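Which chain is which? The protein sequence lines are W and A, in order.
Per UniProt numbering, the first sequence starts with residue 1, numbered consecutively.
Per UniProt numbering, the second sequence starts with residue 1, numbered consecutively.
Think of the hints as simulated: they come from the structure by calculation, not from any bench.
Computed from a prediction, not measured in an experiment: that's the story for all the values here.
Backbone N, C-alpha and C define an ideal beta-carbon position, used for all residues, glycine too.
Do not rely on the hints blindly, as some may be mistaken.
[Claimed, not checked] Taking CB as the label site, the calculated pair distances span: (1) 183(A) x 11(W): 41 to 47 Å; (2) 350(A) x 9(W): 33 to 39 Å; (3) 77(W) x 404(A): 26 to 32 Å; (4) 177(A) x 14(W): 39 to 45 Å; (5) 350(A) x 94(W): 47 to 53 Å; (6) 122(A) x 14(W): 54 to 60 Å; (7) 388(A) x 11(W): 45 to 51 Å; (8) 94(W) x 37(A): 49 to 55 Å; (9) 80(W) x 177(A): 37 to 43 Å; (10) 411(A) x 3(W): 39 to 45 Å.
[As the list claims (entries may be wrong)] No more than 27 Å apart at the CA atoms, straight line, and that leaves these computed lysine-lysine pairs for DSS-like: (11) 77(W) x 406(A); (12) 77(W) x 192(A); (13) 192(A) x 49(W); (14) 49(W) x 406(A); (15) 49(A) x 49(W).
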Amino acid sequence: MSQWINACDVDDIEQEDVLRFDHAGRTYAIYRAPDDQFYATAGTCTHEKVHLADGLVMDHIIECPKHNGRFDYRSGKALGAPVCVNLQTYPVKLEGGRVWIALADA
Amino acid sequence: MNTAPIIIVGAGHAGGRAALALREQGYAGQLLLIGDEPHLPYERPALSKQLLLDSQPADACHIGSAEQYQTLAIERLSATRVSAIAPAKRQITLHDGRTLPYHQLLLATGGRARQASLPGADLAGVQLLRTLDDAAALRPRLQAGQRLVVVGGGFIGLEVAASARQQGCQVTVLEAGDRLAARALPPLISAKLLALHRARGVEVRLGCQIAAFRGDGSVSAVELADGELLACDTVVVGIGIQPNTELAAAAGLAVGNGIRVDSRLQSSDAHIYAVGDACEFPCPVSGQPQRLETWRNAEEQGRHVARSLLGADDAYAALPWFWSDQFDHSLQLAGQLQAAANCVTRALPDDGLLLFYLDAAERLQGACGWGADNSIARDIKLAEMLIRSGKPLPAAALADPASSLKSLLKGVASV
Ligand code: FES
Chain W
1 MSQWINACDV DDIEQEDVLR FDHAGRTYAI YRAPDDQFYA TAGTCTHEKV
51 HLADGLVMDH IIECPKHNGR FDYRSGKALG APVCVNLQTY PVKLEGGRVW
101 IALADA
Chain A
1 MNTAPIIIVG AGHAGGRAAL ALREQGYAGQ LLLIGDEPHL PYERPALSKQ
51 LLLDSQPADA CHIGSAEQYQ TLAIERLSAT RVSAIAPAKR QITLHDGRTL
101 PYHQLLLATG GRARQASLPG ADLAGVQLLR TLDDAAALRP RLQAGQRLVV
151 VGGGFIGLEV AASARQQGCQ VTVLEAGDRL AARALPPLIS AKLLALHRAR
201 GVEVRLGCQI AAFRGDGSVS AVELADGELL ACDTVVVGIG IQPNTELAAA
251 AGLAVGNGIR VDSRLQSSDA HIYAVGDACE FPCPVSGQPQ RLETWRNAEE
301 QGRHVARSLL GADDAYAALP WFWSDQFDHS LQLAGQLQAA ANCVTRALPD
351 DGLLLFYLDA AERLQGACGW GADNSIARDI KLAEMLIRSG KPLPAAALAD
401 PASSLKSLLK GVASV
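Bound-form chain W, shown alone (with noise of 0.2 Å):
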């Protein structure tokens, strides 16, 4: 089962950006794609655990500010080396102005 969490308002991420949201003791990226879609996956880059949201996005990319690994934040697909593991991805919907995300529960 998951649980729609209320994350964030709609404005607080301006296109092409992210944002880090932490929630029940795990941490999040929510993306603002240039069309204006929104997207979530886990916060942190699985090649050491660095907080995505520190990183660059471009176009439906996200770049990791360490060592540069990049992922398509719509899939959570890893391009390359040094990245391998897929970002897990999470739904997202907009209600009242706000972005959910659903969570699994714990």
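Take the given structure of chain W and dock chain A with the ligand to it, following the hints.
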């Protein structure tokens, strides 16, 4: 038909990456990776940080897994030294006298930590830090209350100092020069580093000359040139590395400050290439020979040379880039700072700092950032893209914290 293998000498970061990349690039022939350590290829950044803080297991540093090398038919000869290369015969000799023929040879021999040439340098407790084994030997010495003296205020020394301090050690850093990491960093960033270390309780002495390490079997003090004795339990010597070029030199290859290669990373022998800390290659911007000891250089040259070995003729063109983590701060540097005509400073919140280096035509040549956590990573990445753009940039916008580098980049792109 050619049946001799590609042999990679040196199973560090660059060598390991090259082996994996050769398979990714479709090379299906025999491939042999020879290293003198018992370990899988590994990245070094964690050795002075996570491994000393127990925040990451040693195997998280590995490049590829044993199964991966096996599946990809990359034959690994570990704990094996190469003692000679015979370029004319295209063969190498191993330390046990065996000879192996090669079709192409890649030298990824790296470097070794320089030892201080001082009396007492061979005492127990005087440590170097270059390998996984070095880190494992150092880790148990960094217990709370232990006294550590770090010789050398460069990145390795400072990262060890920060890690040891975080473990509760008493730490003194001795630097001969008048500022920290002077070879790589601009004075403004050196000053930030110094302030942070002092604020966190590291005693830093600049302009400090050491006379000897003292102790009875194991080190108990560092004696300074003026006779002062600093009592300690452990010394870490972090005064740089010596590139392993002897094998190449003995084989008659061109060697300068490293094994000389051209822009494809090919040495003076057409069948031998070199990468990583041991090679000296033409700077993509100035054409001047340079040798870099960075993570990116190992990673990108490892990848690039795989393509060169298979016949690609494009030049290695990655921009120099490195980072260092100190306590909860990090610094990053991209491009070149030396040739710049003008430096623009942007102050960031929480004592962060970005420095932009422009040439006479106002094109960005290099950038350096300092701040909490990874706060400057994004800006340095954007700066890298601005450097690549090669377009003149308004200094006023670079200096203004309110102007986003991303919009600057987009502005440049749309010009
Ligand atoms: S931590 Fe993300 S690429 Fe290394």
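Results of checking the hints against the structure:
Evaluation of the 41 to 47 Å hint for residue 183(A) and residue 11(W) yields a pass: the beta carbon distance comes to about 46 Å. Taken as a hint, the range 33 to 39 Å is violated for the pair residue 350(A) and residue 9(W), whose Cβ atoms sit roughly 24 Å apart. Take residue 77(W) and residue 404(A): their Cβ atoms lie about 27 Å apart, and the range 26 to 32 Å holds. The hinted range of 39 to 45 Å is satisfied by residue 177(A) and residue 14(W), whose Cβ atoms lie roughly 43 Å apart.
The given range of 47 to 53 Å is broken by residue 350(A) and residue 94(W), whose C-beta atoms sit roughly 32 Å from each other. At about 58 Å, the beta-carbon gap between residue 122(A) and residue 14(W) stays in the expected band of 54 to 60 Å. Separation of residue 388(A) from residue 11(W) is about 32 Å and departs from the stated range, judged on CB atoms against 45 to 51 Å. Hint check: residue 94(W) to residue 37(A), Cβ distance near 52 Å, so the stated range 49 to 55 Å holds.
About 39 Å separates the C-beta atoms of residue 80(W) and residue 177(A), a value consistent with the hinted range of 37 to 43 Å. Separated by about 43 Å at the C-beta atoms, residue 411(A) and residue 3(W) satisfy the suggested range of 39 to 45 Å. A C-alpha spacing of about 24 Å is found between residue 77(W) and residue 406(A), which places the hinted pair at or below 27 Å, so the restraint holds. Straight-line distance between C-alpha atoms of residue 77(W) and residue 192(A) comes to about 38 Å, which puts the hinted pair past the 27 Å bound.
Distance check on the hinted pair: residue 192(A) and residue 49(W) sit about 25 Å apart at the alpha-carbon level, within 27 Å; holds. Simply put, residue 49(W) and residue 406(A) have alpha-carbon atoms about 25 Å apart, close enough for the 27 Å limit, and the pair holds. Pair hint residue 49(A) plus residue 49(W) holds up; C-alpha atoms about 14 Å apart against a cutoff of 27 Å.
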